[in-house]
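What follows is each chain in one-letter form.
2 protein chains.
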Amino acid sequence: MSKQIKVGIIGYGNLGKGVVASLKQSPDMDLVAIFTRRAPESLSINEPNVEVLHISDAEKYKDEIDVMILCGGSATDLPEQTPEFAKMFNTIDSFDTHAKIPEFFESVDAVAKQSGKTSIISVGWDPGLFSINRLMSEAILPVGETYSFWGKGVSQGHSDAIRRVEGVKNGVQYTIPIEESVEKVRRGENPVLTTADKHLRVCYVVAEEGADQAKIESDIKTMPNYFDEYKTEVNFITEEELKSNHSKLPHGGFVIHSGKTGEDNNTQIIEYSLKLDSNPEFTASVLVAYARAAYRLNKEGQTGAKTVYDVAPGYISPKSAADLRKELL
Amino acid sequence: MSKQIKVGIIGYGNLGKGVVASLKQSPDMDLVAIFTRRAPESLSINEPNVEVLHISDAEKYKDEIDVMILCGGSATDLPEQTPEFAKMFNTIDSFDTHAKIPEFFESVDAVAKQSGKTSIISVGWDPGLFSINRLMSEAILPVGETYSFWGKGVSQGHSDAIRRVEGVKNGVQYTIPIEESVEKVRRGENPVLTTADKHLRVCYVVAEEGADQAKIESDIKTMPNYFDEYKTEVNFITEEELKSNHSKLPHGGFVIHSGKTGEDNNTQIIEYSLKLDSNPEFTASVLVAYARAAYRLNKEGQTGAKTVYDVAPGYISPKSAADLRKELL
Numbered sequence: 021m022s023k024q025i026k027v028g029i030i031g032y033g034n035l036g037k038g039v040v041a042s043l044k045q046s047p048d049m050d051l052v053a054i055f056t057r058r059a060p061e062s063l064s065i066n067e068p069n070v071e072v073l074h075i076s077d078a079e080k081y082k083d084e085i086d087v088m089i090l091c092g093g094s095a096t097d098l099p100e101q102t103p104e105f106a107k108m109f110n111t112i113d114s115f116d117t118h119a120k121i122p123e124f125f126e127s128v129d130a131v132a133k134q135s136g137k138t139s140i141i142s143v144g145w146d147p148g149l150f151s152i153n154r155l156m157s158e159a160i161l162p163v164g165e166t167y168s169f170w171g172k173g174v175s176q177g178h179s180d181a182i183r184r185v186e187g188v189k190n191g192v193q194y195t196i197p198i199e200e201s202v203e204k205v206r207r208g209e210n211p212v213l214t215t216a217d218k219h220l221r222v223c224y225v226v227a228e229e230g231a232d233q234a235k236i237e238s239d240i241k242t243m244p245n246y247f248d249e250y251k252t253e254v255n256f257i258t259e260e261e262l263k264s265n266h267s268k269l270p271h272g273g274f275v276i277h278s279g280k281t282g283e284d285n286n287t288q289i290i291e292y293s294l295k296l297d298s299n300p301e302f303t304a305s306v307l308v309a310y311a312r313a314a315y316r317l318n319k320e321g322q323t324g325a326k327t328v329y330d331v332a333p334g335y336i337s338p339k340s341a342a343d344l345r346k347e348l349l
Numbered sequence: 021m022s023k024q025i026k027v028g029i030i031g032y033g034n035l036g037k038g039v040v041a042s043l044k045q046s047p048d049m050d051l052v053a054i055f056t057r058r059a060p061e062s063l064s065i066n067e068p069n070v071e072v073l074h075i076s077d078a079e080k081y082k083d084e085i086d087v088m089i090l091c092g093g094s095a096t097d098l099p100e101q102t103p104e105f106a107k108m109f110n111t112i113d114s115f116d117t118h119a120k121i122p123e124f125f126e127s128v129d130a131v132a133k134q135s136g137k138t139s140i141i142s143v144g145w146d147p148g149l150f151s152i153n154r155l156m157s158e159a160i161l162p163v164g165e166t167y168s169f170w171g172k173g174v175s176q177g178h179s180d181a182i183r184r185v186e187g188v189k190n191g192v193q194y195t196i197p198i199e200e201s202v203e204k205v206r207r208g209e210n211p212v213l214t215t216a217d218k219h220l221r222v223c224y225v226v227a228e229e230g231a232d233q234a235k236i237e238s239d240i241k242t243m244p245n246y247f248d249e250y251k252t253e254v255n256f257i258t259e260e261e262l263k264s265n266h267s268k269l270p271h272g273g274f275v276i277h278s279g280k281t282g283e284d285n286n287t288q289i290i291e292y293s294l295k296l297d298s299n300p301e302f303t304a305s306v307l308v309a310y311a312r313a314a315y316r317l318n319k320e321g322q323t324g325a326k327t328v329y330d331v332a333p334g335y336i337s338p339k340s341a342a343d344l345r346k347e348l349l
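Sequences listed follow chains A and B, in order.
Take any residue in the first sequence, count from 1 to its spot, add 20: that is its number in our numbering.
Take any residue in the second sequence, count from 1 to its spot, add 20: that is its number in our numbering.
No lab work stands behind these hints, which were simulated from the structure alone.
Some hints here could point you the wrong way.
Since the list gives no way to pick one copy over another, a pair counts as held whenever it fits inside one copy or between any two copies.
Said to hold, decoys possible - With a straight-line cut-off of 30 Å between C-alpha atoms, the simulated BS3-like cross-links for lysine-lysine are: (1) Lys120 - Lys346; (2) Lys235 - Lys133; (3) Lys80 - Lys263; (4) Lys26 - Lys251; (5) Lys339 - Lys133; (6) Lys133 - Lys241; (7) Lys133 - Lys189; (8) Lys218 - Lys80.
Small disclaimer: the values here were computed from a predicted structure and weren't measured.
Take these sequences, add in the hints, and give me the full structure.
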């Protein structure tokens, strides 16, 4: 039986692969096509019912695809792609440059309102699920503090930064929340935490032969924006060790809100945490659930740009409202 | 400056008191009146700007109160009160008899659609915040299992049950999640857990003078529905000990979802947890945040019965959508 919601994917990196896997678990969505900037035949995709096409062919699928899931990066892909594809499709993306979200939202909203499409932007876990928990915790316990911790996990941005250092052949960076700070927050102490108090940065570096390891270590530790404000640990390992021990992309983190209520100043702690073996597969699973919401919102005439803040929980589930009330409420 | 949303309270027990305290932390809501079944003058309420009135006077405030927060119990109060007050007011309640939610929803929906009011039912943390996390986790990671644990906390229902046992003068019951089971779930083992595997019941009992303690202990441990399926511990203490060590109403719990993604069967764990010094004050804070949502949904013409599944997160925050995107997303 053909499923109700027809989905397309733009971009076939780790996230796009995760979307393919997640759609297989979905009872009501079918993957129609993957669009890529590369030569389509160069992609090895073993999905007999899925077309693999060049991105320039996407327009032809305007009437066949209900929701396009954009799996490009936030730096250069999405600022261009989301407004472009929102002219033709309902879209989902994981735009995660927090500071630029307002401007991105406006640019997508204008286009999607015009085209009558629904674009849910900045979907994933942060921004995304963590954002929901920040908002809800603050709304419920307005007298309080919210703390976001990330890790233990691989930061792509910081790993890339290491690999640009002279003499570095390869490298991976883990962001690690500092347990002592997390525990203070969990105890309701509402501590004031500096950047360095919250996270530790641990690097595994493969140096080029004959490279000056002391200089590499110093170059990493003093790198502005990325490492200089943190306590950073640099470990030199072999390429083989890197491949066998550090090729997965785990991640996770916590949003902890500690609030006070009543005359006795009672402490109330809300914690949301993720422990992910695969960051891209999890993020993809969130995108797929919200693709369902975009499809439904659009059917109801709710067009324009949206964020996770605009989506009632019921829209992301394949179950009916009556079943949800009966089974899960 | 007078605040935008005018609120009334029906019922002044622990939950009603919590709502009074929570409204003081709210930037956009004002408490207008508290309605009680008791003689209004018998309530000691030290709020100079709040009227205390008999419940039969509520109707007169139809045009002055935007949202009525119903703070009665689920057994007999709410099944009667919510449909009655939904004729005149937008309402919020914490109806928590899970098995009867569908029928309760229907009865409220019919009335609220007729009157053009918005009634958000079954608000709190379970049902409520825990329900949202069950739904979202399952929608995002459909191949997986969701586990809800409650405690450590005082169960009112079980405490009441103890106090009905012959020879018992007073008593408190704590529900305690069994750490070993919680850890299995957190490790992604997806264990099959019986009722007895998940929670322990610990009772603190004050016996009447000369009562047969062995019989009390046995009567409690074998009580059907409440204790017979659990491992139950009964401790006898004095009335003084009960007052000084067990007069607070802490609670909390966890919703843990463990799912699998991708070809490698990666384990992804989502956990939501609450650690509450005061259960009624926290529940009240959730009701107040959703009162804001009921007001707004009604302004938009979204009438009838709703649950937390129908409410987008943005509706419960006093901040504008633009500020939320900028500050919290």
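Status of the hints after comparison with the structure:
1. Taking the shortest alpha-carbon separations for Lys120 and Lys346, only the inter-copy value of 9 Å comes in at or below 30 Å, while the best intra-copy value is 41 Å.
2. For a Cα distance limit of 30 Å, the shortest separation of Lys235 from Lys133 qualifies neither inside one copy, at 53 Å, nor across copies, at 71 Å.
3. In this assembly of identical chains, Lys80 and Lys263 lie within 30 Å of each other by CA distance neither inside one copy nor across copies; the values are 41 Å within and 73 Å between.
4. For the homomeric pair Lys26 and Lys251, neither the shortest alpha-carbon distance inside one copy (47 Å) nor that between copies (50 Å) is at most 30 Å.
5. In this homomeric assembly, Lys339 and Lys133 come within 30 Å of each other (Cα to Cα) both inside a single copy, at 28 Å, and across copies, at 23 Å.
6. Taking the closest pair of Cα atoms, Lys133 and Lys241 never come within 30 Å of each other, the shortest separation being 46 Å inside a single copy and 63 Å across copies.
7. For the homomeric pair Lys133 and Lys189, neither the shortest alpha-carbon distance inside one copy (47 Å) nor that between copies (66 Å) is at most 30 Å.
8. In this homomeric assembly, Lys218 and Lys80 never come within 30 Å of each other (Cα to Cα): the closest approach is 48 Å inside a single copy and 54 Å across copies.
Checked against the numbered hints given earlier, the structure breaks hints 2, 3, 4, 6, 7, 8 and satisfies all the rest.
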